[in-house]
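> Here are the chains, one letter per residue:
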Amino acid sequence: NAGVTQTPKFQVLKTGQSMTLQCAQDMNHNSMYWYRQDPGMGLRLIYYSASEGTTDKGEVPNGYNVSRLNKREFSLRLESAAPSQTSVYFCASRPGTGRENTEAFFGQGTRLTVV
Amino acid sequence: RKEVEQDPGPFNVPEGATVAFNCTYSNSASQSFFWYRQDCRKEPKLLMSVYSSGNEDGRFTAQLNRASQYISLLIRDSKLSDSATYLCVVVPVYNFNKFYFGSGTKLNVKP
Numbered sequence: 012n013a014g015v016t017q018t019p020k021f022q023v024l025k026t027g028q029s030m031t032l033q034c035a036q037d038m039n040h041n042s043m044y045w046y047r048q049d050p051g052m053g054l055r056l057i058y059y060s061a062s063e064g065t066t067d068k069g070e071v072p073n074g075y076n077v078s079r080l081n082k083r084e085f086s087l088r089l090e091s092a093a094p095s096q097t098s099v100y101f102c103a104s105r106p107g108t109g110r111e112n113t114e115a116f117f118g119q120g121t122r123l124t125v126v
Numbered sequence: 125r126k127e128v129e130q131d132p133g134p135f136n137v138p139e140g141a142t143v144a145f146n147c148t149y150s151n152s153a154s155q156s157f158f159w160y161r162q163d164c165r166k167e168p169k170l171l172m173s174v175y176s177s178g179n180e181d182g183r184f185t186a187q188l189n190r191a192s193q194y195i196s197l198l199i200r201d202s203k204l205s206d207s208a209t210y211l212c213v214v215v216p217v218y219n220f221n222k223f224y225f226g227s228g229t230k231l232n233v234k235p
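Listed in order, the protein sequences are those of chains A and B.
The first sequence begins at 12 in this note's numbering and counts up one residue at a time.
The second sequence begins at 125 in this note's numbering and counts up one residue at a time.
Chain B extracted, bound-state conformation (with noise of 0.2 Å):
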C-alpha cells in the first residue's frame, strides 16, 4: 500500500470554481504535512504547510483529518494561473528526512 494516495484528475473547472483536492495516508505516525505545487517540467515549490487546526492564505485553506488520515486542499475563485499539479506530501515522526510525496492532482483551470 502506497504511503500517500492521491486522485490523479485531472480536475477541468471554469475560473472562478471552488476546487477541492483530498489525500490519503497511510502512516498514522506521521507529523508534518504539506502541499507543493509544480507546474509542467518545473521543481515543486512549497503552497502552504498543513496544520492541524486547520488553516489559511488568501485563496488556499488546509485541512488535516488525523482521525481520518487525510489532508485537503480547497482553492477558492480558481484564477488560470493555479493550474498545476498539486503534491501532498507526508513526513513520518520516525523520520523527518523521509518526505513521502503522493503522486499529484492535475488541476486544469479553463477561461
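So here's chain A without its partners, still in its complex pose (with noise of 0.2 Å):
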C-alpha cells in the first residue's frame, strides 16, 4: 500500500538551477498539496489541486510552479532555485470534494538544500 509517494527524498542544488519534484498517489483522492516545513515555521502550503486539471496558490507560492499531471500525479517545479528554498517538501493527498473533514495523508518528504 505505497499511499503517496516523492522522489526524490534528498537533493542538492545549486543557485539557479531547476527541478522538479514529483508526487503520485494511488488512494484515488481528487485533492492533491505541497508544502514546505522549515524550522519553527510549521508547514506552509505552497499550491494545492482541489481537482484533476485545477490548481490554486496556497500561503507560499512564489518561485513555484505545478502541475497536475493526472489524478494520480502532483509535480512542483523550482525554475530557479534560490538558497531560500532550502527545506523539507512535503506532498500530500485528501479524497475531495463531498468528504471536507478528512485528512490529509503525507508523502515521505524531499529533503531539498540550495547552495
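No lab work stands behind these hints: they were computed from the structure.
Virtual Cβ for every residue (Gly too), placed ideally from N, Cα, C.
One or more hints might be untrue.
Computed footprint of chain A on chain B, listed as stretches where at least three residues anywhere in the stretch have a Cβ under 8 Å from a Cβ of chain A [stated by the list, open to error]:
no. : stretch
1   : 142-148
2   : 218-224
Simulated pairs of lysine to any residue, SDA-like, Cα-Cα distance not exceeding 25 Å [claimed, not checked]:
no. : chain 1 : residue 1 : chain 2 : residue 2
3   : B       : 230       : B       : 193
4   : B       : 166       : A       : 71
5   : B       : 166       : A       : 75
6   : B       : 222       : A       : 79
7   : B       : 166       : A       : 124
8   : B       : 166       : A       : 64
9   : B       : 166       : A       : 65
10  : B       : 166       : A       : 116
11  : B       : 222       : A       : 65
12  : B       : 169       : A       : 91
13  : B       : 169       : A       : 62
14  : B       : 222       : A       : 73
15  : B       : 126       : A       : 50
16  : B       : 126       : A       : 99
17  : B       : 166       : A       : 19
18  : A       : 20        : B       : 170
19  : B       : 166       : A       : 41
20  : B       : 222       : A       : 24
21  : B       : 222       : A       : 64
22  : B       : 222       : A       : 41
23  : B       : 169       : A       : 79
24  : B       : 126       : B       : 203
25  : A       : 68        : B       : 218
26  : A       : 68        : B       : 127
27  : A       : 25        : A       : 39
28  : A       : 68        : B       : 230
29  : A       : 20        : A       : 81
30  : B       : 203       : B       : 127
31  : A       : 82        : B       : 221
32  : B       : 222       : A       : 49
33  : B       : 126       : B       : 182
34  : B       : 230       : A       : 51
35  : B       : 234       : B       : 184
36  : B       : 169       : A       : 39
37  : B       : 169       : B       : 142
38  : B       : 166       : B       : 144
39  : B       : 230       : B       : 192
40  : A       : 20        : A       : 38
Can you join these two chains into the complex? Each is in its own frame, and there are hints to help.
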C-alpha cells in the first residue's frame, strides 16, 4: 500500500538551477497539495490542486510552479532555485470534494538544499 | 498574527505522566481540527480528528473550545513511544483545502 510517493528523497542544487519534485498517490484522491516545512514555521501550503485540471496558490507560492499531470500525479517545479528554498517539501493528498472533513495523507518528504 | 499558535516545548516528562498541549487559532470561521504526530525526519501522520463535543482514542483525548478558540490534546500514561512532535491543524470553513498547521510541540518521554 504505497499511499503518497515522492521523489527524490534528497537533493542538493546550486543557486539558479531548476528541478522538479514528483508526487504520485494511489488512493484515487481528488485533492493534492505541496507544503514546505522550515524550522519553527510549521508546514506552509505552496500550491494545491482541488481536482484534476485545477491548481491554486497557497500561502507561499512565489518561486514555484505546479502541474497536475493527471489524477495521480502532482509535480512541483523550482525554475531558478534560491537558498531561501532550502526546506523539506511534503506532498499530500485528500479525498476532496464531498469529504471535506477528512485528513490529509503525506508523502515521506524531499529534503532540498540550495547552495 | 499566525493562524495557529502552539507552545514549541519541549515538554520533558517521565513515563506514565499525563501531559497536555494547547493550540490557539485566530480565525473564528474554522470548521475542522486535527492533531497530527510527526516523528523526527518523518512525514506528519494523523493522530486524531477533534470534534466539537470532544473525543477520546485510548490514552489520547482531544477537546475543542470554540468560544476561546483553542484545541487541546491530553495524553495519559505517557509511553516512550509517544516522543514526537505534535502538530495541530485548523481548516477554515471558506476553503477546506487550506490546512493551517501549528509549528508543533515537541514531547520527550523519559524512562
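> Look at each hint and say if it fits the structure.
Consistency of the hints with the structure:
1. 142-148: violated (count 0)
2. 218-224: holds (count 4)
3. B:230 - B:193: Satisfied, since the Cα-Cα distance of roughly 21 Å is no more than 25 Å.
4. B:166 - A:71: holds, 22 Å
5. B:166 - A:75: Holds, at roughly 23 Å.
6. B:222 - A:79: holds, 17 Å
7. B:166 - A:124: Measuring from Cα to Cα gives roughly 17 Å; hence the hint holds.
8. B:166 - A:64: Measuring from Cα to Cα gives roughly 30 Å; hence the hint is violated.
9. B:166 - A:65: violated, 29 Å
10. B:166 - A:116: Holds, because 13 Å separates the two Cα atoms, which is no more than 25 Å.
11. B:222 - A:65: holds, 15 Å
12. B:169 - A:91: violated, 31 Å
13. B:169 - A:62: holds, 22 Å
14. B:222 - A:73: The given pair, whose Cα atoms are some 17 Å apart, holds under the 25 Å limit.
15. B:126 - A:50: With Cα atoms ~15 Å apart, residue 126 (chain B) and residue 50 (chain A) stay inside 25 Å; holds.
16. B:126 - A:99: Given pair residue 126 (chain B), residue 99 (chain A) holds - Cα atoms ~20 Å apart, limit 25 Å.
17. B:166 - A:19: holds, 15 Å
18. A:20 - B:170: Holds: residue 20 (chain A) and residue 170 (chain B) sit about 21 Å apart, inside 25 Å.
19. B:166 - A:41: Holds. Residue 166 (chain B) to residue 41 (chain A) sits at ~24 Å (cutoff 25 Å).
20. B:222 - A:24: Distance of about 29 Å is beyond 25 Å: violated.
21. B:222 - A:64: holds, 18 Å
22. B:222 - A:41: With a Cα-Cα distance of about 15 Å, the restraint between residue 222 (chain B) and residue 41 (chain A) holds, given a limit of 25 Å.
23. B:169 - A:79: holds, 24 Å
24. B:126 - B:203: violated, 31 Å
25. A:68 - B:218: holds, 15 Å
26. A:68 - B:127: Given that 25 Å is the threshold and the Cα spacing comes to 17 Å, the pair holds.
27. A:25 - A:39: violated, 36 Å
28. A:68 - B:230: Not satisfied, since the Cα-Cα distance of roughly 30 Å exceeds 25 Å.
29. A:20 - A:81: Answer holds: residue 20 (chain A) to residue 81 (chain A) is near 22 Å, not above 25 Å.
30. B:203 - B:127: violated, 31 Å
31. A:82 - B:221: holds, 16 Å
32. B:222 - A:49: holds, 18 Å
33. B:126 - B:182: At roughly 31 Å apart (the allowed maximum being 25 Å), residue 182 (chain B) and residue 126 (chain B) break the hint.
34. B:230 - A:51: Roughly 11 Å between the alpha carbons, so the hint for residue 230 (chain B) and residue 51 (chain A) holds.
35. B:234 - B:184: Holds, at roughly 18 Å.
36. B:169 - A:39: holds, 19 Å
37. B:169 - B:142: Holds. Residue 169 (chain B) to residue 142 (chain B) sits at ~22 Å (cutoff 25 Å).
38. B:166 - B:144: Roughly 23 Å separates the two Cα atoms, so the pair holds.
39. B:230 - B:192: holds, 23 Å
40. A:20 - A:38: holds, 21 Å
Checked against the numbered hints above, the structure violates hints 1, 8, 9, 12, 20, 24, 27, 28, 30 and 33; every other hint is satisfied.
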